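Asker: Read off the chains here:
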Amino acid sequence: MKWSHKHLLDIEPLTREDIFLIFELAQRFEEVNLRPIKKVPTLKGKTVILYFSEPSTRTKTSFDIAAKRLSADVFSLATKGSSEEKGESLKDTVLTLEAMNPDLIVIRHRQSGAARFVSTKIKCNVINAGDGWHAHPTQALLDGYTLSKEWNNEFQGKTLLILGDIAHSRVARSDIELFNKLGTRVRLCAPKTLLPRHVESWPVEVYSDLERACDGVDAIQCLRLQLERQEAGLLPSLREYSREFGLCKRHLILANRGVKIMHPGPMNRGIEISSEIADSRESLILDQVNAGVAVRMALLHLFLTVN
Amino acid sequence: MNSELIISNVYLDNELVDIYLSKGRIKEISAPGTLREDLEKVSYNGALLLPSLVDCHVHLRDPGQEYKEDIYTGLKAAVGGGFSHVFAMANTSPVNDNESITTYMLDKARKFFPKGPNLYPIAALTKGLEGKELSPLHELKQAGCIAVSNDGIPVKDNELFRRAMEYAHDAGLLVLDHCEDPYLAKDSAMNEGKLSARLGLKGQPTVAEALQVSRDILLASYLNIPIHLCHISCEQSVELIYWAKKKGVPVTAETCPHYLLWDELLVAQYNTLAKVNPPLRTRSDILAIRQAVREGIIDIIVTDHAPHADFEKDVPFALAPNGISGLDTALSLLWELVVMDELSVKDIVRCLHDKPGEIFSLNMSGICKGGVANFVVFDPNLSWEVTPNTLMSKGKNTPCLGKTLKGKVLSHFIDGNLVYKLEED
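Top to bottom, those sequences are chains U and W. Mapping of the first sequence onto the working numbering: residues 1 to 307, in sequence order. Mapping of the second sequence onto the working numbering: residues 1 to 425, in sequence order.
No wet-lab data here; the hints were simulated from the structure. These numbers were taken from a predicted model, which means no experiment stands behind them. Think of the CB as a built atom: it goes at the ideal place given N, C-alpha and C, for glycine as much as any other residue. One thing to keep in mind: the hints can contain errors.
Unchecked claim - Keeping only pairs whose Cα atoms sit at most 27 Å apart, straight-line, the calculated BS3-like set for lysine-lysine is:
1. W:313 with U:121
2. U:6 with W:41
3. U:192 with W:202
4. U:181 with U:192
Unchecked claim - Beyond 10 Å from chain U on every Cβ pair, some chain W residues (computed):
5. 5
6. 23
7. 192
8. 198
9. 311
10. 319
11. 340
12. 403
Could you put together the complete structure from these sequences and hints?
Answerer: Right under this line is the structure:
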């Protein structure tokens, strides 16, 4: 096994080999997750700190479970009551954490570039669990892993549609990067106000009409619409958004047979995705959550035992 | 120092000369070795003689934020950087919106540097820079302010801005405007474009600047009152200024060394030392700004010296304050452009001496026989490493940090006095 990375800050430095190695390991760990005793001693004696300075349930729980199933000692810091909230700088907070000799820090932060910033300040491994609008590499990897099982590791010739607020989405950025590396065609669909400027220079096809965007796709990643976008003047109303860009049954008919639906969560049922679709048999939304634990176990294993 | 001195072997307008100084005046300029032999002589081995420079846009942070910079360290950086005239922006704390702040600044500068460099406070256009009520501009003018500006918080209200231009004109103060549409630029951390999209940072579109440039040009034209546009950073603004000047609108403009040299790629790794407002733009903007300087569309070059403490910049990108510390490095950076054949020495003298003198009615004598000694001896070949120790300013926040630059001021005469001499190590 070869793993030469010190940190996971975004998808960019990962090779195809790295990505398939993660998928392969995730598959092995998924098997552990099905056992009655869901624990292996791989990371016994290793210390993992979860520093989430932004609210998170699924990602944080997922990392927590992943680390514990590998027998690592996990410590988590919450938003409320963190010293950063009391005015301490991020630098001082992470230097303080490092002084307690952790082996790896998982960080979630509202500022783009925060994970990179942290990685330049400390010596232990850093995994980015989402920084601002910039990157969410473990989400992209779990999305990739989820589809790898459906697609039998055949990413080429497939088309993925990412639907929704691309401009403010770290998930979209990391997904685009990952699926491009794997050879999947990526489409985006959103109102122009939720697309970044110069999006046409990205390796994607851009649609403003959801029906056309769905034509011939193999998977759809539906993004959460942050309710504050309306206040910022980017949308007239949630109602109008859901009428034009909310994913519902009629769109699936236009997609390829066997189309899969994903959502990184948390969902706004009835806004970006109809309740019917969320619970449909095309939906992989809970498979994504399940895959998340396995992928994060794979990553912790690689960072803490291989390099 | 003797009252008589020969400054030997320096280039003045491409000619190697000796300068004979007597009682602070230039008594003679002649070919090397042709002057009296019995005088004290300092030989400079072909360094460059430039007139003392003017920096019309500096943040000295004093009063109020002396941990970033104070009048003493700021002026020390200025004099070592070749500047004899320093215009200090009004965003101090408290804001320079009344006589007592102006007087405090002038007194402190005179106390530490009785022989110069000279500080010229810029008055706040509105009280507290709040964009609501005009500051007492006559009072500020009489107290010694050289110009007026709402600094980094442009006045949104066009009616108020129009009245401010009229009132300031009566008070004999030129309005310097930071051109930025506050809505388009809201919460932005860098230039808007491909890179901001990739980094996940809120971008500032060039049109945020250009829109305000056009407002100012149209008001200046309508009122026939001059206006000065601060730190122009993009091609679109240059096109508008070109149009305005062709129409005869009384508009002048400035840019900074960083907009002439660096593009947004400097922030690709979230480098907060390159975070500045307006943000670093793109290659084509840089080329447009260079051409505008050469052709006089942009009149002057300023540093927009914006010192910050190291810990303030050592944070995630969007949280870092904007600004680059510029007084120490400006001349070396401009020299890079001369070496690249993008600017000439004449451009530098025009943009940092002649034109500022004209726009702000300063008494600039230049370097001539019979004139008072106001010049710097600049060695274009002297390499120096930019470190916290070599920067005189308290602000170490420059993308040059850790790099080696070429060109250093060896000595600086202001009003006939030697006010700065490079210490040899």
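Asker: Now tell me, hint by hint, if it's right for this structure.
Answerer: Here is how each hint holds up against the structure:
1. W:313 with U:121: Measuring from Cα to Cα gives roughly 14 Å; hence the hint holds.
2. U:6 with W:41: violated, 60 Å
3. U:192 with W:202: Roughly 15 Å separates the two Cα atoms, so the pair holds.
4. U:181 with U:192: holds, 26 Å
5. 5: Check passes; 51 Å lies beyond 10 Å.
6. 23: holds, 55 Å
7. 192: Given a closest Cβ separation of 6 Å, the condition is violated.
8. 198: violated, 7 Å
9. 311: At roughly 7 Å from the nearest Cβ of chain U, residue 311 of chain W sits no farther out than 10 Å, so the non-interface label is violated.
10. 319: violated, 6 Å
11. 340: Its Cβ never comes within 10 Å of chain U, the nearest being 28 Å, so this holds.
12. 403: holds, 18 Å
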